[in-house]
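There are 2 protein chains.
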Amino acid sequence: MISDKILLIVLDGGADRPLMIDGREETPLSSAKTENLDILAEEGISGMMDVLSPGIPPGSDTGHLSLLGYDPYKVYTGRGPIEAAGAGIDVKRGDVAFRCNFATLEDGKIIDRRAGRIRETEELAKAIDEEVHLDVDFIFKRSTGHRAALVFRGDGLGGDVTASDPKEDGMQIKESKALKKGSEKTAEILNDFVEQSIRVLSDHPVNEERAKKGLPRANAILTRGAGLLPEIERFEERYGLKGAVVAAAGLVIGISRICGLDFVFTEGATGGTDSNVNKKVENALRSLKNHDFVLMNIKGTDEAGHDRNFAKKSKFFERIDEAFERLLGLEDTMIAITADHTTSVAIGDHTGDPVPICIHGEGVRSDSINKFDEFNCASGGLGRIRGRDLMPILTDLTNRSKKFGA
Amino acid sequence: MISDKILLIVLDGGADRPLMIDGREETPLSSAKTENLDILAEEGISGMMDVLSPGIPPGSDTGHLSLLGYDPYKVYTGRGPIEAAGAGIDVKRGDVAFRCNFATLEDGKIIDRRAGRIRETEELAKAIDEEVHLDVDFIFKRSTGHRAALVFRGDGLGGDVTASDPKEDGMQIKESKALKKGSEKTAEILNDFVEQSIRVLSDHPVNEERAKKGLPRANAILTRGAGLLPEIERFEERYGLKGAVVAAAGLVIGISRICGLDFVFTEGATGGTDSNVNKKVENALRSLKNHDFVLMNIKGTDEAGHDRNFAKKSKFFERIDEAFERLLGLEDTMIAITADHTTSVAIGDHTGDPVPICIHGEGVRSDSINKFDEFNCASGGLGRIRGRDLMPILTDLTNRSKKFGA
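Chains as they are written, first to last, in full-length UniProt numbering: chain A, 1 to 406; chain B, 1 to 406.
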């Protein structure tokens with residue numbers, strides 16, 4: 001049976017550097033019992049992949065761009081547009097977008113950049129949307145927790161302005177400035193937005209209520225990550241594949257939406273190690289019925305890495321592996337399992353080490369690898385490939401690629 | 001003894017994707033008994049090669065360009081000039097060339113694009129050459145079977161024109177149009193050529209004879225693959241190597257001639273699985289006496305792949321292997337054995353999978369590989385390389401490369 005569909009599974013930050021565990025060098029992945037992943041590795045072809053290039057730690061945004069076959073060095077314009085798309089804003093060509101925080105301002109200084117990790121931001125966001133008036137159209141939308149996204153839409157807007165976010169507590173809000181000619185208008189309007197927001201939020205009933213409870217007010221909006229929407233060829237035009245994304249992380253959803261993938265919501269998908277992985281796999285398989293390509297991102301592995309928690313990361317792999325039992329025997333689908341970057345539990349951050357990859361489906365040249373981890377995949381038949389080559393390889397294996405020449 | 005000469009052997013379309021044969025995953029190459037190839041692998045260093053880049057299926061033309069060290073994305077201008085050179089036309093800078101078919105025209109429509117696979121085209125071609133008169137110089141030359149090549153030579157000719165070939169039966173001949181400014185004159189003259197050819201061919205005695213026998217007339221010329229001669233640095237200038245090509249396939253001969261290799265004719269070399277491989281090897285070894293570099297292409301493997309014939313392809317490898325016995329112990333020669341692309345018997349066409357490669361000669365770092373096939377070479381000491389890197393590797397191993405830096 002020909003593998004016609006493509007399922008790309010990204011275990012976010014799933015790769016790691018080894019630590020000595022019981023006298024052996026192990027990573028969270030190598031020490032986990034992952035029977036189903038190992039069967040996929042045994043039947044498929046494995047290797048290592050530099051998602052960007054050797055030694056360069058990718059972000060989840062640039063990493064996913066690369067895995068989807070785009071060159072982030074050409075198309076990445078910062079995190080603002082991605083967060084905005086992830087928050088559900090339909091970002092359009094020419095829009096300038098920003099990542100925002102609700103923050104606490106006192107005596108002219110930011111004393112808490114996250115406003116006590118406020119969650120009830122709905123009323124506050126609504127007030128900003130209704131009571132702030134700018135010289136361009138704008139969309140302000142709350143995201144998870146203290147986060148939000150802001151989009152300016154209009155003529156003559158550039159994306160190169162400095163952040164108003166001082167990026168540490170105890171500092172004043174910064175005046176945004178244009179970094180390049182053509183972004184002056186954006187900086188001016190952004191400063192106006194920040195000022196008006198403070199006026200709208202300061203006496204808002206939600207903040208009065210919080211003050212009564214001794215909670216920090218969410219009386220200022222900090223902005224950062226300004227950028228124009230990247231000019232990205234739509235995924236379907238690029239590959240002739242109708243695609244969907246099954247994910248919980250805003251950044252991954254945002255990138256995928258900007259590329260033109262349909263977002264499929266999963267009940268109980270949290271982006272953490274408590275996520276409902278079974279439901280996600282179920283959703284991915286269902287989405288393959290009316291899509292040619294599904295990107296499934298599982299974020300908890302990255303979270304555990306940032307938490308520097310080896311055991312948590314390792315244990316989560318075992319939960320993932322259980323859910324992957326239903327991937328076995330999936331005959332019509334080319335499955336690729338990999339990570340978007342290494343997240344080292346020793347360091348608590350992304351590193352530039354290559355990530356393991358396994359491709360499983362009809363027509364792949366099986367190798368002798370029978371365990372999916374950073375050590376074994378390094379001897380695999382794929383050798384060492386680049387993130388940007390993955391989509392051409394997968395479209396070729398599903399017999400969609402065009403010959404160059406005769 | 002120093003390996004001073006280079007013999008590059010291309011088993012055309014020789015790589016494949018595995019099929020289940022007797023409960024094992026095998027390719028035509030892996031299932032063939034290839035004692036001599038395996039000795040070369042055992043003594044040499046092996047690896048996998050992306051002839052263009054991962055997942056991109058090369059044509060035989062772009063594939064060979066890449067193996068000869070040129071970037072086809074920069075120098076490839078379409079198939080016309082390559083076919084013309086392959087047909088023996090001495091194509092020059094500024095020439096525009098076309099691939100042609102003799103075809104059957106009836107009631108204004110092409111009813112057979114190959115004129116009943118006519119072979120006796122000598123007289124017809126001569127008539128065109130003598131009786132067609134154009135505003136530029138032209139060369140029209142028959143090639144194998146119903147094929148021919150056409151070259152325009154003169155000032156102000158561009159290579160970007162549409163085909164006159166409708167590419168399916170039952171359609172009218174298309175009027176050629178310029179795709180870019182500067183190609184208008186080419187389109188105009190091409191349309192004139194097509195019209196005059198019909199007049200010259202329609203009542204030609206060869207066609208009268210065919211009509212009597214109930215065979216389709218070859219009364220029209222279809223053109224496609226228009227292109228200017230690529231601007232290619234001569235092989236000898238590029239590498240300081242006097243080179244020759246031993247091949248039967250027109251496309252390979254054409255590419256090689258354009259690069260400046262001497263063509264060595266081999267009696268009994270057919271481009272098919274019935275080819276006289278012994279004679280080819282003999283010719284290649286003889287050519288090495290007065291050349292530094294010989295490219296030997298064996299086309300039958302590709303033919304068997306396009307025919308979707310696993311057994312035919314596999315068996316032909318065994319015939320090739322027998323002929324390769326005389327490559328053993330060839331001390332003064334660096335031998336590289338590889339393919340220009342994968343041709344999958346399951347699909348019957350080129351795919352973008354990497355191809356195995358083995359380099360054998362004095363000074364190579366032998367590895368543990370002792371079988372030349374797609375599975376074993378994937379663990380070889382060369383790792384995964386690119387087609388364009390092969391010539392620098394071979395010139396380096398023969399101690400010809402120049403240091404960059406001090």
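No wet-lab data here; the hints were simulated from the structure. For clarity, every value in this text was computed on a predicted model and none was experimentally measured. Among the clues, some could well be false.
The list makes no distinction among identical chains, and a pair is therefore deemed to hold if it is satisfied within one copy or across any two copies.
[Said to hold, decoys possible] Straight-line C-alpha distance at most 30 Å; calculated DSS-like pairs for lysine-lysine:
hint : residue 1 : residue 2
1    : Lys402    : Lys33
2    : Lys126    : Lys289
3    : Lys33     : Lys141
4    : Lys213    : Lys181
5    : Lys177    : Lys242
6    : Lys312    : Lys402
7    : Lys74     : Lys180
Structure-based check of each hint:
1. Taking the shortest alpha-carbon separations for Lys402 and Lys33, neither the intra-copy value of 40 Å nor the inter-copy value of 33 Å comes in at or below 30 Å.
2. Taking CA atoms no more than 30 Å apart as the test, Lys126 paired with Lys289 passes in neither setting, with 38 Å inside one copy and 59 Å between copies.
3. Taking the closest pair of Cα atoms, Lys33 and Lys141 never come within 30 Å of each other, the shortest separation being 42 Å inside a single copy and 67 Å across copies.
4. Proximity of Lys213 to Lys181 under the C-alpha cut-off of 30 Å is found in neither arrangement, the shortest distances being 46 Å within a copy and 74 Å between copies.
5. Taking CA atoms no more than 30 Å apart as the test, Lys177 paired with Lys242 passes in neither setting, with 41 Å inside one copy and 34 Å between copies.
6. Taking the shortest alpha-carbon separations for Lys312 and Lys402, only the inter-copy value of 26 Å comes in at or below 30 Å, while the best intra-copy value is 44 Å.
7. Taking identical chains as interchangeable, the C-alpha atoms of Lys74 and Lys180 lie at most 30 Å apart whether they share a chain (18 Å) or sit on different chains (28 Å).
In summary, the structure is inconsistent with hints 1, 2, 3, 4 and 5 from the numbered list given earlier, while agreeing with the others.
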